[in-house]
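Enquirer: Sequence:
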Amino acid sequence: PLYDAVVTNPPYGEMGGKYKASEGRGWQRYEEYFLHRSLDTVKEGGIVAMVVPSNFLRKGKTKAKEKIFNKAELLEAHRLPNGTFAHTDIGTDLIILRKNTTEHKDNAIAFGDEYFKRNPNHLHGEEHETTDRWGKPDLRTKGNIDTFLNHRPAAPKEISKAHKDAISRGLIGNQNAKGKHKVASSNRKTVKKKAVRNATRKTKNTAREKQSPPPKLLNQAEFNKKYGLNFSELDVELLKSTNALGYIDPQTPFDPKSMSFHNGGAMPDYLYATGDIYEKLKQLESDREEIIEKGGLQLYQKQRQMLEEAIPEQTPLKDVVLDPIDPFFKTVTLDDGSSLLDRFKEWVGDLDYETFMDYAASASDVRAYCDAIPVRGNNKSLNERIRRERRELAMKLADRFVKESLGEAEQSQIQQSWNERFNAYVQVDPAKVPIPIEGLNEKFKGKDYELRDVQHRFIANFLSKGIGCAAHEVGLGKTMTGIIATVSNMQMGRSKRPLFVVPTSVLPNWEASVKSLYPNLTVNTIGTPELNQMTQGGKQLEIEEGSVTVMSYDAFQRMGFTEERFNELTKDLQDAHATYSDDPKNKRAKAAKENQAEAFASRAKTGTYNDILFDEAGFDSLTVDEAHNFNNIFADVKQEKDPETGKVKTQANEFSGIIGGATSDRGLKMWLAAQHVLKSNDNRNVMMLTATPFTNNPLQVYSLLSTMARERLQKMGIYNVKDFVAAFVETQTEKVLEPNGKIKEKQTVRRFKNAHAFASLINEFFDRKTGEDAHIKRPDLVEKEIVLPSNKEMDQIRQSLENYYDMAFHPDPDERDPSAALRSMTMQQNLNISPALVNDYQFNDNRQDFVERSPKMKFVAKSAAEYYKRMKEAQGNAPGQIIFLPRGVEYFNEVKSYMVSQGIPEDAIEIMTPKEKGKKARSKEAKAKGQSRFEEIKFDFNDPNGKTKIIIGSDTIQEGVSLQKNTGVMYNCSLAWNPTSNEQKKGRGWRQGNTQERCHMFYPVMENSIDTKLYQKHAEKVSRINDIFKATGSPFIETTDINPDELKYEIVTDPEKKARLVASEDETQRLAAIKDKTTDRNILLSTLNRAENLDRRIRDAEESLKRSQRWAEMYGKNSTLGRFHAEDANRIKSKLSRLKRDKVEHETMMEQKGLTVEKLRSQAEALEKEIAQMKADSSKKKEELESELVERYRREKEEYEKSRPNKSIDQMVDEHVSKLVDSSLGKSVYKSRIYRLIREGRTHERRHQAAAL
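Numbering-wise (the numbering used here), the sequence shown opens with residue 110 and increments by one.
Treat the hints as calculated values from the structure; they're not laboratory data. Don't be surprised by glycine CBs; every beta carbon is placed ideally from N, CA and C. One or more hints might be untrue.
Cβ pair distances, simulated, as ranges [stated by the list, open to error]:
#1 K1028 to D1175: 30 to 40 Å
#2 Y112 to N641: 19 to 29 Å
#3 K680 to Q1101: 58 to 68 Å
#4 K152 to G122: 24 to 34 Å
#5 S1287 to E513: 50 to 60 Å
#6 Q1261 to Q1101: 51 to 61 Å
#7 T210 to T631: 38 to 48 Å
#8 R925 to E422: 48 to 58 Å
#9 R1240 to N676: 41 to 51 Å
#10 Q360 to D562: 30 to 40 Å
All chains, please: the whole structure from these sequences, using the hints.
Expert: Spelled out as structure tokens, the structure:
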């Protein structure tokens, strides 16, 4: 309804928080937004009266004011004296507007304070020029409010005839409005037609279903028989009778043979011996008497044996990677009540000065690292060095302290504590969990199907645990898995209104899949149009109990929450991000936390419609398809902010350089929705489906983990993203090239640490399965690198780039350019695609010729054209080809034109970039389906009879785009630094469902360039990505991107230059090794001297104690000095007690390890000799090594020049395409040595059999 008037006092100030992201998008100030919004709520001619800051009318024409006064006219205004309202001294105006959307109005008085110039009697006081609290010019109105209260109003302003007509037309039923509602009526008819059309479609489907034979629905016995499951009806009923926490209905008779008693209830044995085993062992002892009373001593012994046998094999302390700032190290309390962290800092303080002699960092720097105190100083380079060294020293010394300086009892306690926290969880054996089935169709979309073992296992796991991610490769049936798991969970009574959130483009597919699997199930399919219709007129979204809902991403984005629930969930999100410390006594801290909650709310409310409420719709189960679209929730590791100022606290942030991409608004909303479901359902009923949940970025891992498993993380002591990174991520300092061209040192992820615990945590929630695991049929994959010759122009540019590269190592600091190495590498990557992409100042000759100037692009374009023609001639149709070209999008049309010139029809080649997603489809059929041009190309390419046979694609097609139906050949024209990028590209064609028997992936690389070096590094690193999902036995998982540092000398071709750089690097590494060895010796000497130092300090403390006690007695307890010395005596007693404890522990440690003073001296002497030898070798090796390397690199260069193939690009194309055609037709295998030497044994044989010699 529209109102006659709105009278209010809106909030003032710059827009922020929840309004700015949702309904207030585009507005800068609150008062302006509220004015505009109020005008929308009143009828034509309606009145809006508000108190606003005086600056509103003082301003001239702004976009905001023009928007407001396009809808209204200013009737009256009153400027009130400053200080009129309590708690604010800001100048305010009372303004009265009348809604007038016609052009017949004079609004000149609304701008530049014109109203008060014409109506000075409405200015209730005198204006004086002054300055505000920031020193800026300001106007203040001094006066008395009584002037306003006694003001006599003027006569009402006349309404124009045009405005009267507009008001009249707005009155429903008014005769003047006849014929004015034509457009609205037409729109209603359109909506009605759509509704009729939809109803007709449903009727036709129903009629068709009646004509065909009814579907055969499996009952439990038939399902068990089909899949060879040996579960009785009682087994299934027992599972159905368990609640969400695994407890059996108390009405079910207790059977000690198949049940266990736990914390007041009964559980099936297969669930009892799962979860946190150490926690259950503790509870077992608490339940002992009750268990014996219920089932006798035999039951207690059975349960204890089950738990003891289930305890995971302990990770020994030697394999635990410790860092003084990780949440475990900071919270361990030893048996004597002391903190592990405090003991470590004391130990560091007692180390000899010589331990730190070779470092810029000192003992105090290491202790400062432990306390998160930032490095300060005016010397930036020295600060960076101290920052790097104190972290390295802290980790090295912490490892030594715990594993060598503590006694066996304390080490055993730490090992036990670590395993109880990080290595305690046991997963259920899915083979023991029955799957309740009711109403499942024997056929899927009219065809027979078989559930794979990987699907069975995931469904059983989900039913027992209630959360999880099916991280199954494409083609393993994730959709079916998610539907059956969700419906079975519902049929067990654990949810009543499950929700599937799916990509908008696949909404109809999901609807069809659910209806096909469960024909008798009510399915609500909700896209944006359906959501609008269901909530029309402010109606709440109503979901029938017992039905399932399939909702599009777009519709889900519109869902909001009730204010109370939203505030609660936003607080959880803020805690998970952890940027403000919690100090309830501090008002500023509270305000800062509220501001941050507003900021999160702002992002999470993007797209929200306030009257469509997720929590009131009753959804109690959430399944998210393609969940990787929501893995950018935490974009970085935030620094804690000072609650007093709201500014970044003066604490060190060791993870400031770790970033995970831009925060996703829909990711934030999904996180909130998942937390709502978990909180309402005993931390159950959230499922994710995705083939690629995350890359090797820890923030992506944490984003999805915290979405599902926040409670589990908290039990491990991980409360926020910073804790997670500290526990599992090892960082390193790297020089990176900023967008502005400056080189900056920043923290980057080196590898994951504590690999066993990390992989166990991942596998607990992410069920990673590959095609090989499921034995699915895919084409044979043939991968091959093709080394291409350079040309004269490229050689000249490459030599210039090498010379530029040298500037990074120039001996003169004034001439040195730290960015040169990375810049040179980037330009060399561009050069290897085409010289046309090298557009930096000294290398650009302004010529285009993207293809003609590039051996690589000529080879790829000619090969694709020739293959198309030969395959069409051989079999009447050509398989699909994909050209991945991540750079040079502006030249894609030139590549297409070149191939057309080679004899390919223009409509056989299409371009896929983000632009095509925004374009409309061309064909009538595609337009009728609402497809974009991007989708139209994709569907035509996948159709073997379609016109599109070659796609030139940017990185937009590297993931999430199905192009596998008919793909025979792919060319990756430029390898990225991240190896996972290539794996994604490979997956576009090498998938289940590809009609080709072989799928070929080619890597054209330029000879003797960064291309070939990157290619080798990819082969080494790509196999490590899946190590995230498995414990390898190593404490680390190496998952870093390829570091440009690894290639910095490989791309230098001049033998002398390369030898000099490599020898210099070798010397640096040798000096670092000497430094490490010297540190080892110095720590050993500190251990040797520790007993003597402790004895001396104990004697000094005893003397001090006697002195303080004597003075305290002499001055008397009633005097100030007497009390001071008595307190000092107590402090010294504590110190003395600690020193004596340290001495006992030191002696115990020495005895347990069989160490004596003589043995330590002998070890120190041996280390001294080793260090002396290393130094002697280092001094003479650099020149010798450089000379040897020059000789070697010259010889290699000569051999390379001799063996360099002397073939033209045309000859190479002919040879390549001939082999490729034979391979595609099954006549022979296109032979390649790729990966056989590097990845042997790491992947399934079928995948690479075609690539082996």
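Enquirer: Does each hint fit the structure? Answer for all of them.
Expert: Going down the list of hints, with the structure as the test:
1. K1028 to D1175: 30 to 40 Å: violated, 55 Å
2. Y112 to N641: 19 to 29 Å: holds, 23 Å
3. K680 to Q1101: 58 to 68 Å: violated, 44 Å
4. K152 to G122: 24 to 34 Å: holds, 29 Å
5. S1287 to E513: 50 to 60 Å: This hint is violated: roughly 28 Å between Cβ atoms.
6. Q1261 to Q1101: 51 to 61 Å: Holds, since Q1261 and Q1101 (Cβ atoms, about 58 Å apart) stay within the stated range.
7. T210 to T631: 38 to 48 Å: holds, 45 Å
8. R925 to E422: 48 to 58 Å: holds, 53 Å
9. R1240 to N676: 41 to 51 Å: Given range 41 to 51 Å: holds, Cβ gap about 47 Å.
10. Q360 to D562: 30 to 40 Å: This hint holds: roughly 35 Å between Cβ atoms.
In the structure shown, a violation is registered for the earlier hints numbered 1, 3, 5, in ascending order.
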